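**Student:** Chain residues, written in single-letter form:
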Amino acid sequence: MPQRCRPIPKVPTQVPGLDEVLEGGLPRGRTTLVSGGPGSGKTVLGLEFLCRGAAAGEPGVFVTFEEGAKAIRRNAMSMGYDLPALEKAGKVAIVEARFDGEEVLSGEFDILGLLSIVGGQARKIRARRIMLDALDVLLRIFGDLRRERNELYRLHEWLVKQGMTSILSVKAHSGEDMASQYEFLEYMADCVIRLDHRVVGQVATRRLRVIKYRGSGFGTNEYPYVIGEHGVILIPVSKTELTHQPLGPKISSGLTRLDAMLDGGYRRASCILIAGTSGTGKTTLASTFARAACHRGQKVLYLNFEESQEAMVAGMCSAGIDLRAALRARKLLVQTALPEALGSDNHLLRALEAIDTFKPDHMIVDAISACVRMGSERAAFDYLMRLVSVVKERGITCILTNQISGMVGGDEELSGIGFSSVVDAVIQLRFVETDEEIGRKLLVVKSRGAAHSNRRQPFIITGQGIQFPGSPPPSGRVRPSGRKGGRK
Amino acid sequence: MSKSLIVKGRPGKVKRGHYLFRLFMAGAGPNSRQALVNLRRLCKEYLNGRYAIETVDVTKDFEAAVRENILVTPALVLVAPGPRVVILGNLSDQPKVLAAIRLSGSES
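For the record, the sequence lines run as chains P and Y. Residue 1 is where the first sequence starts when you use this note's numbering, and the numbers rise one by one after that. Residue 1 is where the second sequence starts when you use this note's numbering, and the numbers rise one by one after that.
To be clear, the hints were calculated from the coordinates, so they are not data collected in a lab. Source: prediction; values computed, not measured. Every residue, glycine too, gets a C-beta built ideally from N, C-alpha and C. Incorrect hints may have been included.
Said to hold, decoys possible - Okay, the calculated beta carbon distance ranges per label pair: (1) Lys161/P x Arg50/Y: 41 to 47 Å; (2) Arg33/Y x Ile211/P: 38 to 44 Å; (3) Arg84/Y x Tyr153/P: 31 to 37 Å; (4) Ala71/P x Arg67/Y: 50 to 56 Å; (5) Pro81/Y x Gly68/P: 38 to 44 Å; (6) Ile211/P x Arg50/Y: 56 to 62 Å.
Looking at chain P on its own, in the form it has when it is part of the complex:
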């Protein structure tokens, strides 16, 4: 094993999440190879690297072997970077290095012309960074492996001598054996990153993996990423070690009787699951909390996968829960989306962006049972696990509703896709049929660390919200029992 003397100098990419994986950034003054299929985001990654560099006082050259300079500028514009302005300011230079296909080949040649052009532009703007996009297109002209390697070697030597931090991108199809395709390039480069763009369960997912990093450690997992409006974003990975905030103080559920049943209310920063069959009042119970919290001046983010904001507001209005004031005061933010409209990664990104900008105190996901439609049960599980993990880290209370089939089951069935370990409290809603009527009952199945009621409490949904008729039932209580709160 080679001894690591001192950490090698690195250049932060500032791509959200990527620097953590690269333990600081790309190797300064060295080469990084990025390979991936069409549409995997190689160009976007390079553009971000250069544009963020330009902002940080490191000008850069973008060499494009495939797309025209116009297409590159358009691409950058869609990410919010004004490339022409950066070019005018001498912070970025684009070199369009495309063969027109009409050239006649006769005898040996080398890429010194290209290096002169690139070197000249780099000197002009004092470039510190360089992106060589779609290098595979350049290599095609050499035809044989020996010449290709000679020129690659020449290119690599030249790049290192220039002292610029460089990214070389090559197209690779995930089906093929990438290792042999660009073996020589991977061997030369100091850092190798593979982007993978695949379709699982009819939903596109992207994964990033670092293959090697000379002289540095790196995260070895496959990291999901998305290409959003602001470029590439790596999604925080579900953490196995729990760095969650401890449960906070009690906060009112919006219902005095339920607060009493919960021994004071929900715990702030906890994860509460409301499970029940269709029509038992899950959305009503969650909205009751939302309105009460907003009324106290707290902010609630409501992710609704079931209905539009208008339908939800109208529905709750008729149940006496008016959410309009909270919406007007911008205390309540409702984000709606059809689960199947986006991949789970994009859903997560949307939610994380809302969390970042809106900074809610509480979040409601209605309903987690719909998340399976994001692609697969696995995708839904990943989505929820990562989402809950993030909100818990930030001390945000999280209410999940779950529509269950109505079969009698334990916690597993209540939490649906088997992540009851992150759930701190479970409330079950149920229809109860007698000869005369169908009524609703509420049961606190578990509430971690609280002496909660163990009685099924009848309730009705009126035009003035949820009401508990009659006197409270004789108090039977479950004692706090550490991590495994439950029914006795």
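Since chain P is already given, all that's left is putting chain Y on it; use the hints.
**Tutor:** Showing chain Y alone in chain P's frame:
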């Protein structure tokens, strides 16, 4: 910093029946020198005084390479008569070069 061996001026001013070549070289690299040797030989054999060769050293004048989109060296550009032709390589394959610049068969 292009060095014109015979004529200067725009392609339009090249005399009818005359050939103007622009050879892009990278310093004095072996392939580049070989290309110049091969080109001179070809011109002497087939064009008998009806030609001009302009050489451009891309290591000194990268802007010229940008203008003509020359990425590899050596590269020969037939400037006139049009249409423009680009030949990459040290020009070792004379029949191919002749065909490309539309000279094969027309001269003995």
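**Student:** For each hint, tell me whether it holds in the structure or not.
**Tutor:** Hints and how they fare:
1. Lys161/P x Arg50/Y: 41 to 47 Å: Since the Cβ atoms of Lys161/P and Arg50/Y sit about 44 Å apart, the hinted range of 41 to 47 Å holds.
2. Arg33/Y x Ile211/P: 38 to 44 Å: Given a distance of about 41 Å, which is inside 38 to 44 Å, the answer is holds.
3. Arg84/Y x Tyr153/P: 31 to 37 Å: 32 Å, holds
4. Ala71/P x Arg67/Y: 50 to 56 Å: At 21 Å between Cβs, range violated.
5. Pro81/Y x Gly68/P: 38 to 44 Å: Violated: the Cβ-Cβ distance is about 29 Å, outside 38 to 44 Å.
6. Ile211/P x Arg50/Y: 56 to 62 Å: 58 Å, holds
In this structure, the earlier hints numbered 4 and 5 are contradicted, and the remaining ones agree with it.
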